[in-house]
Amino acid sequence: MTPRIGVVTFPGSLDDVDALRAVELMGGQGVALWHADRSLQGVDAVILPGGFSYGDYLRCGAIARFAAIMEPVSSFAEAGGPVLGICNGFQVLCESGLLPGALIRNRSLRFVCRDVWLRVETSQTAVTGDLTPGETIQVPIKHGEGQWVATPEQLARVEGDGLVVFRYASAEGMVDEAHNPNGATNNIAGVRNPAGNVVGLMPHPEHAVDPDVGPTGGQPVFASLLAAAMAGSRA
Amino acid sequence: MTFTFEVLVLLKPGLSDPQGKAVESALPALGWTNVSRVRVGKHVQLDVDATDEATARAQVGQMATRLLSNPVIEDFQILEVAPK
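So the sequence lines, in the order shown, correspond to chains A and B. So in this note's numbering, the last spot in the first sequence is 316, and the numbers never skip. So in this note's numbering, the last spot in the second sequence is 140, and the numbers never skip.
Careful, some of the hints might be misleading.
[What the hints assert, rightly or not] Derived pair list, reagent style DSS-like, types lysine-lysine, alpha-carbon separation capped at 27 Å:
no., chain 1, residue 1, chain 2, residue 2
1, B, 68, A, 223
2, B, 140, B, 77
3, B, 77, A, 223
4, B, 140, A, 223
In case anyone wonders, no lab produced these hints; they're calculated from the structure. Because the structure is a prediction, the values reported are computed rather than measured.
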């Protein structure tokens with residue numbers, strides 16, 4: 082059985098087609114979803130892709146979180162369905178309260194666009210089942226507002242409960258300021274909800290699945306997501 | 057009745073404010089070397105139709121909490137209210 086992975090297109094999404102392509106490349110079936118629809122068309126997992134949404138007026142993701150599609154996405158997430166937010170999709174998940182924290186402008190004030198290394202912090206999520214804690218993967222980042230921050234209470238819970246999924250690191254897994262591209266608190270690049278079925282990250286695994294065009298660190302992320310989607314659809 | 061509100065949204069005091077920092081580092085070039093603690097926020101002005109000011113103000117408070125600000129990173133103030 083081929084898992085069906087929905088990718089939502091918001092007005093301003095840029096990476097929806099790449100996400101659909103990554104799903105197909107990794108053996109899944111990509112299903113295009115539209116922000117104004119209220120149906121997830123029975124998909125087994127949902128991706129909120131990168132780019133922009135509604136001009137990102139006010140704050141990144143602030144208006145998208147109230148899009149019609151976000152109602153079924155929230156219900157799907159609450160029921161344990163795998164949901165992956167990438168870049169703007171991560172910002173939308175934080176704005177909607179499905180994930181802790183918020184994303185603010187990069188500390189450098191510069192838009193950063195380059196390959197980075199991420200250290201995997203947990204395999205207990207819908208997108209890291211095929212990865213081992215401590216392992217590093219290489220994927221690109223491209224964002225102006227990727228500095229993850231949180232309230233002191235949220236940060237204590239995120240670190241204390243092991244909700245960090247990825248940290249910016251060296252290729253060897255060293256987490257330090259030299260490998261922090263945007264000033265993110267504790268080098269946090271991605272977080273999960275307590276159940277682990279909802280994950281968001283600023284880097285772009287969907288741009289790192291094809292060896293012809295760059296690193297392939299996104300492959301295990303998509304392989305994990307497809308496996309989680311399969312497991313969910315069997316349940 | 058229509059009431060005009062102004063809502064001021066600022067990043068929480070403990071959070072780094074890259075925009076404020078950029079403005080702060082640009083000011084000395086223009087001769088102002090005595091400036092510190094620059095914070096950049098948002099100013100939202102809106103008109104609300106309601107039966108009375110208290111109702112309108114309560115609605116603006118909800119708008120500020122749910123959409124105009126993100127309580128994780130921002131504080132807001134309802135600055136001014138005037139019947140139109």
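Quick rundown of the hints versus the structure:
1. B/68 to A/223: Holds, at roughly 26 Å.
2. B/140 to B/77: Violated - the C-alpha atoms of residue 77 of chain B and residue 140 of chain B are around 37 Å apart, more than 27 Å.
3. B/77 to A/223: With a Cα-Cα distance of about 22 Å, the restraint between residue 77 of chain B and residue 223 of chain A holds, given a limit of 27 Å.
4. B/140 to A/223: violated, 45 Å
The earlier numbered hints that this structure contradicts are 2, 4.
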